[in-house]
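Once you have looked at the hints, place chain U on chain A.
First to last, the protein sequences are chains A and U. In this text, residue positions in the first sequence follow this note's numbering: the first is 1, and each later residue adds one. In this text, residue positions in the second sequence follow this note's numbering: the first is 189, and each later residue adds one.
Calculated directly from the structure, the hints in this document are not laboratory data. Among these hints, one or two may not hold up.
Claimed, not checked - Estimated spans, in silico, between C-beta atoms of each pair:
{"no.": "1", "chain 1": "A", "residue 1": "GLY155", "chain 2": "U", "residue 2": "SER320", "range": "23 to 31 Å"}
{"no.": "2", "chain 1": "U", "residue 1": "MET325", "chain 2": "A", "residue 2": "ASP86", "range": "14 to 22 Å"}
{"no.": "3", "chain 1": "A", "residue 1": "GLN32", "chain 2": "U", "residue 2": "ALA298", "range": "46 to 54 Å"}
{"no.": "4", "chain 1": "A", "residue 1": "GLU50", "chain 2": "U", "residue 2": "ASN337", "range": "22 to 30 Å"}
{"no.": "5", "chain 1": "U", "residue 1": "ASP202", "chain 2": "A", "residue 2": "PRO84", "range": "43 to 51 Å"}
{"no.": "6", "chain 1": "A", "residue 1": "PRO84", "chain 2": "U", "residue 2": "LYS336", "range": "15 to 23 Å"}
{"no.": "7", "chain 1": "A", "residue 1": "ALA106", "chain 2": "U", "residue 2": "SER320", "range": "24 to 32 Å"}
{"no.": "8", "chain 1": "U", "residue 1": "ALA298", "chain 2": "A", "residue 2": "ASP39", "range": "26 to 34 Å"}
{"no.": "9", "chain 1": "U", "residue 1": "GLY287", "chain 2": "A", "residue 2": "ARG111", "range": "23 to 31 Å"}
{"no.": "10", "chain 1": "A", "residue 1": "TYR141", "chain 2": "U", "residue 2": "SER309", "range": "36 to 44 Å"}
{"no.": "11", "chain 1": "U", "residue 1": "ARG219", "chain 2": "A", "residue 2": "GLY82", "range": "40 to 48 Å"}
{"no.": "12", "chain 1": "A", "residue 1": "SER121", "chain 2": "U", "residue 2": "ALA298", "range": "30 to 38 Å"}
{"no.": "13", "chain 1": "U", "residue 1": "ALA302", "chain 2": "A", "residue 2": "ASP28", "range": "44 to 52 Å"}
Claimed, not checked - A short, non-exhaustive set of chain A residues, derived as facing chain U with CB atoms under 8 Å:
{"no.": "14", "residue": "TYR10"}
{"no.": "15", "residue": "ALA38"}
{"no.": "16", "residue": "LEU41"}
{"no.": "17", "residue": "SER73"}
{"no.": "18", "residue": "SER127"}
{"no.": "19", "residue": "GLN135"}
{"no.": "20", "residue": "PHE153"}
Note that CB positions come from ideal geometry on N, CA and C, so glycine has one too.
2 protein chains.
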Amino acid sequence: MYSGAQISLYPMADDFVGIILGSIRALDPYRQSLRIEADDLSTLLVGAPEQLFPAMRDLFVAAARSGTHCVLSACVSRGCPGEPDDPRCTPSTDIGAEGPIATRIAAAQARVNAAQATGVSVAAQFSHYPLSHGQYMDEIYGVIDFLKNSGVFGGPKNFCTRLAGDAGPVFSTWSRRSCISARRRRAT
Amino acid sequence: MYSGAQISLYPMADDFVGIILGSIRALDPYRQSLRIEADDLSTLLVGAPEQLFPAMRDLFVAAARSGTHCVLSACVSRGCPGEPDDPRCTPSTDIGAEGPIATRIAAAQARVNAAQATGVSVAAQFSHYPLSHGQYMDEIYGVIDFLKNSGVFGGPKNFCTRLAGDAGPVFSTWSRRSCISARRRRAT
Numbered sequence: 001m002y003s004g005a006q007i008s009l010y011p012m013a014d015d016f017v018g019i020i021l022g023s024i025r026a027l028d029p030y031r032q033s034l035r036i037e038a039d040d041l042s043t044l045l046v047g048a049p050e051q052l053f054p055a056m057r058d059l060f061v062a063a064a065r066s067g068t069h070c071v072l073s074a075c076v077s078r079g080c081p082g083e084p085d086d087p088r089c090t091p092s093t094d095i096g097a098e099g100p101i102a103t104r105i106a107a108a109q110a111r112v113n114a115a116q117a118t119g120v121s122v123a124a125q126f127s128h129y130p131l132s133h134g135q136y137m138d139e140i141y142g143v144i145d146f147l148k149n150s151g152v153f154g155g156p157k158n159f160c161t162r163l164a165g166d167a168g169p170v171f172s173t174w175s176r177r178s179c180i181s182a183r184r185r186r187a188t
Numbered sequence: 189m190y191s192g193a194q195i196s197l198y199p200m201a202d203d204f205v206g207i208i209l210g211s212i213r214a215l216d217p218y219r220q221s222l223r224i225e226a227d228d229l230s231t232l233l234v235g236a237p238e239q240l241f242p243a244m245r246d247l248f249v250a251a252a253r254s255g256t257h258c259v260l261s262a263c264v265s266r267g268c269p270g271e272p273d274d275p276r277c278t279p280s281t282d283i284g285a286e287g288p289i290a291t292r293i294a295a296a297q298a299r300v301n302a303a304q305a306t307g308v309s310v311a312a313q314f315s316h317y318p319l320s321h322g323q324y325m326d327e328i329y330g331v332i333d334f335l336k337n338s339g340v341f342g343g344p345k346n347f348c349t350r351l352a353g354d355a356g357p358v359f360s361t362w363s364r365r366s367c368i369s370a371r372r373r374r375a376t
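Next comes chain A alone, as it looks inside the complex (with noise of 0.2 Å):
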């Protein structure tokens, strides 16, 4: 399945340009498994979700580490109609994406637990949109109880929810999950 995000990194700083090519270099070790592009207002990554979201992780984390106030803002998608399937997309394990909601909890849950912490604090939101599922309020309520129980819930919000904590459980929330969120690292 054709899988993947556009990404923006946005500075709160006059040296924005200088910030996100010096973070950028945090994609490096992922260029032989991910498609990546950049243009003037995002940067499209193409690969399995078991890169996908160290790789946005990871660049996040370096930017946020400059001290600077900075936000990522990504849509992920999981499909995309009209584009053939691309072998990188497809994971090299079961990520659990199949079977009941209660059992695809379970497993995003243990890998929230297994994340390992980055040292940075991030405020976020997120929000899930399951276009191809009938019953997609039943999806989102039972997207919405995992982040409750999560560990990082940061409360609710109108259409988004809200997390907090460290960077590393808090990106594995959305790990190998369809979604659109937005990242704000806290205000220092």
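Okay, now just chain U, sitting in the frame of chain A:
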């Protein structure tokens, strides 16, 4: 129907707080008709599309006129299951949101044609997630066809559609639709 947006303004400058606080005054004319609540991640706007999109446009244009490279990111939703209806979300006139897609496209194009120029040039990208449509790809392809002929089409991208032009017609392409969009002023 409960409707609104979570919006975030990202000026890429050391003085991002000053630029945000200066441009937020552009929302003052809308404070009677919109519910507006800010937190550290985004600002919630709740109200009718006829107020919502002009408010977003005016906020962005005010910030962009500072000369700073800045981005407005918005998650816009028509409907919010779990929230009660809110009278302020009811449009004062028929907004052409019902009926065959060809009719809706014609109404949307008329609004774009009537949009006043702001003098601020923008590049933008837009994704549309029609959750409540069983044939969601028909809706998405309809929106893409509309954008291609809107006069502000900027080219295809994976997972979104690029727009470019004056902020007036660009923002008007989104008006009265459920959407997710990210918008960036061109680097000057």
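Status of the hints after comparison with the structure:
1. A:GLY155 x U:SER320: 23 to 31 Å: 26 Å, holds
2. U:MET325 x A:ASP86: 14 to 22 Å: About 19 Å separates the Cβ atoms of U:MET325 and A:ASP86, which means 14 to 22 Å holds.
3. A:GLN32 x U:ALA298: 46 to 54 Å: 49 Å, holds
4. A:GLU50 x U:ASN337: 22 to 30 Å: Because 40 Å falls outside the window, the suggested range is violated.
5. U:ASP202 x A:PRO84: 43 to 51 Å: For U:ASP202 and A:PRO84 the Cβ distance comes to about 45 Å; the hint holds.
6. A:PRO84 x U:LYS336: 15 to 23 Å: Cβ of A:PRO84 to Cβ of U:LYS336: about 22 Å, so the range 15 to 23 Å holds.
7. A:ALA106 x U:SER320: 24 to 32 Å: At roughly 29 Å between Cβ atoms, U:SER320 and A:ALA106 fall inside 24 to 32 Å, so the hint holds.
8. U:ALA298 x A:ASP39: 26 to 34 Å: For A:ASP39 against U:ALA298, whose Cβ atoms are near 31 Å apart, the range 26 to 34 Å holds.
9. U:GLY287 x A:ARG111: 23 to 31 Å: 44 Å Cβ-Cβ, so the 23 to 31 Å window is violated.
10. A:TYR141 x U:SER309: 36 to 44 Å: 42 Å, holds
11. U:ARG219 x A:GLY82: 40 to 48 Å: 42 Å, holds
12. A:SER121 x U:ALA298: 30 to 38 Å: At 48 Å between Cβs, range violated.
13. U:ALA302 x A:ASP28: 44 to 52 Å: 48 Å, holds
14. TYR10: 4 Å, holds
15. ALA38: Cβ of A:ALA38 sits 12 Å from chain U, so the hint is violated.
16. LEU41: 5 Å, holds
17. SER73: 5 Å, holds
18. SER127: Since the shortest Cβ distance to chain U is 6 Å, the answer is holds.
19. GLN135: 11 Å, violated
20. PHE153: 14 Å, violated
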